[in-house]
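Participant: Listed below are the residues making up each chain.
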Amino acid sequence: MAQQPLPSSVQPTDVYGGDEVSAIVLDPGYINTRAGFAGEEMPKQVLPSFYGHITSSNRDVFGDQAMYPRADFEIRNYMNRDSVVEDWDAATKIWEHALVNRLGIPRPTPPSKNGLNNKPKPAAEGEDVEMADEADLDETENYEKPMAENPLLMTEAAWNSPKQREKAIEICMENWACPAFWLSKTPVLAAFAAGKATALVLDVGGSNTSVTAIFDGMVLKRSVQRSPVGGVWLSSQIRSLFEASEPKVEVVPTFMVENKKPVEAGQPADARLKTFDFQISPSFRAYEEERVLKEFKESVVEVWRGPGRYLAPGNEDYAKNLPGRVFEMPDGSNQMWREQRFKAAEGMWDDNAAFPSATEEGKITKAQTVPGLIKAALDSIDVDVRPALLANVVVTGSTSLLPGFTDRLNHELTAMFPSVKVKLHAAGLSSERRFGAWIGGSILGSLGTFHQMWISRKEYEENGPGIVEKRCK
Amino acid sequence: MTSRDVHDVLNLPSDHSGAPRPSKKQKTSAPRPNLKGLAREVQNLGGDNPIAIVPEVNFFKKRRFATRKPVAKWELKAFTNSARGDDGALVLRHWKRRTDDGAPPVEGAQDGDGQQQRGGGEGTPASERREEKPEDSAFAKYNVKVVVPHYTEDQYHSNLQNNDWTKEETDYLLELAKDFDLRWTLIWDRYDFTPKPPGGGGDAANGEDTSTAVVPAPKQRSMEDLKARYYEVAAKMMAVQKPAQYMTRPEFELYEMMQNFDPEQERKRKQFALNTLSRSKDEAREEESLLLEVKRILARTERFNEERRELYNRLDYPATDSDINSFKTSAGLQNLLQTLMSTDKNKKRKSIMPGEGVSPSNNSGVPNSAVSETNPANRRESIAASATSNNHHHHARRDSDARTPATPADPTPTSAAAAAANKKKGGGAQQQPERRKLTQQEEQVYGVSYHDRLGSGPTFRYEKINKLYSHKSGQQQLRITNALSELDLPPRLVMPTAAVTAQFEVLWGAVTALVDLRKMSDRLDGEIKIEEAKKAERDRAKGIAAEKEGGKEKGEGGGGGGGDGAAAAAGEGEKAGEKTGEGGQTKEDGEKKRPGSSGSLTAAGHKRSASVLSAASDKSSKRQKK
Numbered sequence: 001m002a003q004q005p006l007p008s009s010v011q012p013t014d015v016y017g018g019d020e021v022s023a024i025v026l027d028p029g030y031i032n033t034r035a036g037f038a039g040e041e042m043p044k045q046v047l048p049s050f051y052g053h054i055t056s057s058n059r060d061v062f063g064d065q066a067m068y069p070r071a072d073f074e075i076r077n078y079m080n081r082d083s084v085v086e087d088w089d090a091a092t093k094i095w096e097h098a099l100v101n102r103l104g105i106p107r108p109t110p111p112s113k114n115g116l117n118n119k120p121k122p123a124a125e126g127e128d129v130e131m132a133d134e135a136d137l138d139e140t141e142n143y144e145k146p147m148a149e150n151p152l153l154m155t156e157a158a159w160n161s162p163k164q165r166e167k168a169i170e171i172c173m174e175n176w177a178c179p180a181f182w183l184s185k186t187p188v189l190a191a192f193a194a195g196k197a198t199a200l201v202l203d204v205g206g207s208n209t210s211v212t213a214i215f216d217g218m219v220l221k222r223s224v225q226r227s228p229v230g231g232v233w234l235s236s237q238i239r240s241l242f243e244a245s246e247p248k249v250e251v252v253p254t255f256m257v258e259n260k261k262p263v264e265a266g267q268p269a270d271a272r273l274k275t276f277d278f279q280i281s282p283s284f285r286a287y288e289e290e291r292v293l294k295e296f297k298e299s300v301v302e303v304w305r306g307p308g309r310y311l312a313p314g315n316e317d318y319a320k321n322l323p324g325r326v327f328e329m330p331d332g333s334n335q336m337w338r339e340q341r342f343k344a345a346e347g348m349w350d351d352n353a354a355f356p357s358a359t360e361e362g363k364i365t366k367a368q369t370v371p372g373l374i375k376a377a378l379d380s381i382d383v384d385v386r387p388a389l390l391a392n393v394v395v396t397g398s399t400s401l402l403p404g405f406t407d408r409l410n411h412e413l414t415a416m417f418p419s420v421k422v423k424l425h426a427a428g429l430s431s432e433r434r435f436g437a438w439i440g441g442s443i444l445g446s447l448g449t450f451h452q453m454w455i456s457r458k459e460y461e462e463n464g465p466g467i468v469e470k471r472c473k
Numbered sequence: 001m002t003s004r005d006v007h008d009v010l011n012l013p014s015d016h017s018g019a020p021r022p023s024k025k026q027k028t029s030a031p032r033p034n035l036k037g038l039a040r041e042v043q044n045l046g047g048d049n050p051i052a053i054v055p056e057v058n059f060f061k062k063r064r065f066a067t068r069k070p071v072a073k074w075e076l077k078a079f080t081n082s083a084r085g086d087d088g089a090l091v092l093r094h095w096k097r098r099t100d101d102g103a104p105p106v107e108g109a110q111d112g113d114g115q116q117q118r119g120g121g122e123g124t125p126a127s128e129r130r131e132e133k134p135e136d137s138a139f140a141k142y143n144v145k146v147v148v149p150h151y152t153e154d155q156y157h158s159n160l161q162n163n164d165w166t167k168e169e170t171d172y173l174l175e176l177a178k179d180f181d182l183r184w185t186l187i188w189d190r191y192d193f194t195p196k197p198p199g200g201g202g203d204a205a206n207g208e209d210t211s212t213a214v215v216p217a218p219k220q221r222s223m224e225d226l227k228a229r230y231y232e233v234a235a236k237m238m239a240v241q242k243p244a245q246y247m248t249r250p251e252f253e254l255y256e257m258m259q260n261f262d263p264e265q266e267r268k269r270k271q272f273a274l275n276t277l278s279r280s281k282d283e284a285r286e287e288e289s290l291l292l293e294v295k296r297i298l299a300r301t302e303r304f305n306e307e308r309r310e311l312y313n314r315l316d317y318p319a320t321d322s323d324i325n326s327f328k329t330s331a332g333l334q335n336l337l338q339t340l341m342s343t344d345k346n347k348k349r350k351s352i353m354p355g356e357g358v359s360p361s362n363n364s365g366v367p368n369s370a371v372s373e374t375n376p377a378n379r380r381e382s383i384a385a386s387a388t389s390n391n392h393h394h395h396a397r398r399d400s401d402a403r404t405p406a407t408p409a410d411p412t413p414t415s416a417a418a419a420a421a422n423k424k425k426g427g428g429a430q431q432q433p434e435r436r437k438l439t440q441q442e443e444q445v446y447g448v449s450y451h452d453r454l455g456s457g458p459t460f461r462y463e464k465i466n467k468l469y470s471h472k473s474g475q476q477q478l479r480i481t482n483a484l485s486e487l488d489l490p491p492r493l494v495m496p497t498a499a500v501t502a503q504f505e506v507l508w509g510a511v512t513a514l515v516d517l518r519k520m521s522d523r524l525d526g527e528i529k530i531e532e533a534k535k536a537e538r539d540r541a542k543g544i545a546a547e548k549e550g551g552k553e554k555g556e557g558g559g560g561g562g563g564d565g566a567a568a569a570a571g572e573g574e575k576a577g578e579k580t581g582e583g584g585q586t587k588e589d590g591e592k593k594r595p596g597s598s599g600s601l602t603a604a605g606h607k608r609s610a611s612v613l614s615a616a617s618d619k620s621s622k623r624q625k626k
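Chains as they are written, first to last, in full-length UniProt numbering: chain A, 1 to 473; chain B, 1 to 626.
If you're looking for bench data, these hints aren't it; they were derived computationally from the structure. Note that the coordinates shown come from a computational prediction; the quantities given were computed from them, not determined experimentally. Cβ atoms here follow ideal geometry from the backbone N, Cα and C, with glycine treated the same way. Do not rely on the hints blindly, as some may be mistaken.
[As the list claims (entries may be wrong)] Here are the simulated distance ranges between beta carbons: (1) A:380 with B:179: 15 to 23 Å; (2) A:104 with B:57: 45 to 53 Å; (3) A:384 with B:293: 23 to 31 Å.
With the hints as extra help, turn the sequences into a complete structure.
Facilitator: Structural data, given as structure tokens:
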């Protein structure tokens, strides 16, 4: 009767599925915005989603190199903590900066001028290797639009609202004149990057941790679970840890230190701080402190690997005997961190172990921990697919790079689902974990079979921005 | 100095234990590789392993001018994707190797040519003409869609009404099924049907009414509900488009599967799956160990049964008390082989396989004690094998095999025999493949029917009809054709399909029966008349005689006459029924019980008619079978 799609086992494997059309993949996140060409293995441009705003001249500056202390300087972010774009004007600017200025989307020089097709020296026995002269005058007018040549594949959070999606296609089509557009959800792409079409994606990102079930390349909407337990939350936990430790640890960002002298561990810092003749805005200071904390996370914090929780009797004593790590603050004060470094991240797994947070949003419940999220996600979907999902757990997001994270996750999952085979798929390469969604987008955008999916300019013009809801399901 | 010399000096045993240095001369005489410019002593240092010498090359790798292939040319080619269904509105570009159609053509010339062929009637402006029509993507062919059932409004109302589902919701479900390619997990995940408030026109007319009216809350549908509804719709539409008997086998299977979908069972299954998932580790382990235990127990019983069977087989072994001396000579063995071969041939050599033990059967009289047999078939197989192997033995070692005629001493002939037997068996299996059992539905679909016996060669069906006539006398044929023409039937069928001829035969049988009956009843009537006439005559005569003798003989004469008539009638009946059917017997019984009067005779005749009819239909059905 119906011609069903071929199961993967009988699909022809001799056809190379790639067909690159120089599409661009844009993957905005709360911490970073990634951009690059589809088909490449890493995003060419990774720039912070934070941007500088100079209040005096009402000017925005983008990129890391613009973030230095200056007068009337504020740090803002165009995304909110839900990983949803909040400030669309800034978003447009920062994306354009990333794509046009930094990615340098080539405005193709006519082949007659690009020097590649110059006649070879007559030494080569007069062979005629001349490329056809493809100079096409009609095309030159397209060069004026920034991205008239390149289809754009954008990512979004799984919980993005229809309004946001429409806005995205509007910018792409109206401002940049892209020939085609596609909007894909990050967990789907992360699963693609891991080579899975059906997977349970655990994305431990900067501002959010989300668990999403992907079935045959589509998000199961009921399964989407998220909580603020991400990198930023972990930073707040570390701040609490610093507050609680004896003596208190002061976070002095790097830009404030002019000169420092080495001191013994646990001794107060001996450093001369810079003075600025203008006011440093709190947002800039917070941004810089966050960078210090990021380094601390990268080099000190570790996840208790299990089995069992960190708070289980005996484990803490054992952790105390493990070798500690020294961390030196930018001002030179340093300290050995032993069992505390396990405690900082334990809140992700065990709500009882989390440091009490001053703010309301810093508090988490049991359902917001990583095991809680996974359980909730699995409970909300059909029982038939659960084993398949548990056999394909994809771990992505840079906070998942904490040492011991996957070990702990494995222990928690096997404890939760003893009768099912649990298999984690966590990329070994740190960049693959950091840019999982972008890489998935890169794969998707360079697939030959994907090109039938693009929302073309014509379709947009005929149907308006509402088409994105209809097509990108 | 060679390694051999070293061996000699050190008094080591040479690895070539032959004569000392036998090969030296041969070696030198053998063509050695061209090691020019190297002293013989130096060469000999290598001993048995010649020194590897790499020739020095003092020039670089040559450039490959030989092929003279021009550099591969790539071009940025536009392409469309026909799977998009937007008539090529999206034109993307990718790098493609330029195809080898000679020298790169001058762009303008080629385009002009192409355009003249293609776009002559379109009247496109010259600037657009320059653009070639982009090729279609090679990936468009992978775009496959599922087919979901379609229905019209009428079809819905006549077939698909359901109390639980509105048409709108059904439409919505089918739309989703199409969008998600029947992935039920996704369909259920995205299923979000909100029924429209009833009556758009009524809405405007009385606003307050609708505001207070109960808006049906969106129902929470389980995946089973969705599936059940979809399969219901799909199965019904399938049957509407193609009645079940015309469906092909996969279609019918699909149809049946969809019809038999049981949401309740599915729900239960999911409940079980849920329970299985939520087992604790201990439970899982316990179950696993239990399963292992069961497996072990089963294996043990099997082994036990096996052993017991073996034991029984041994106990079953029948002793031979006939003399085996006749087989102890080679001639006797040859004899035995011959008989075995012939018996084997008689059994159509169904299979000749050597059993695990070679064991001549007991009736042949060759003793065998060590090997047990599992079943008679196996036994026969092993006979043959042993016979062949024995044959080989016989020729190989005449003297020794007389003592041990039945042991498989020599493996090669046995295995050869086994191979031959295998081959034969394979051939037999190919000749007689297992006939597949057809189901009722398939028989109906394929038009398979079973016959007792078929004549050779093709026959026409109307000939079969004609054959029916040929048995009858001309008078009867005429009557039959008359009867048929009364029914407006042509004597020869216009379209003698199998069904028509079968029906015609039934009809024909009925008609012949009718004709026979009429004939018989005519005859009986005639006889009755004669008898009555006789009786009247006799009465008249009696009337005269009564005056002389009285009424004594009267009953006797009447009875005798009646008996006569009955016998004749019975003979007729048997003739008509061709001595088949029990009806004839019962009828005769009836007549024996009530001999005599003419009334009973007619009754018997009527009864006979029924029996004849049944006999005739029996006959026709038999013919049909033939």
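Participant: Under the constraints set out in the numbered hints, which ones does this structure not fulfil?
Facilitator: none
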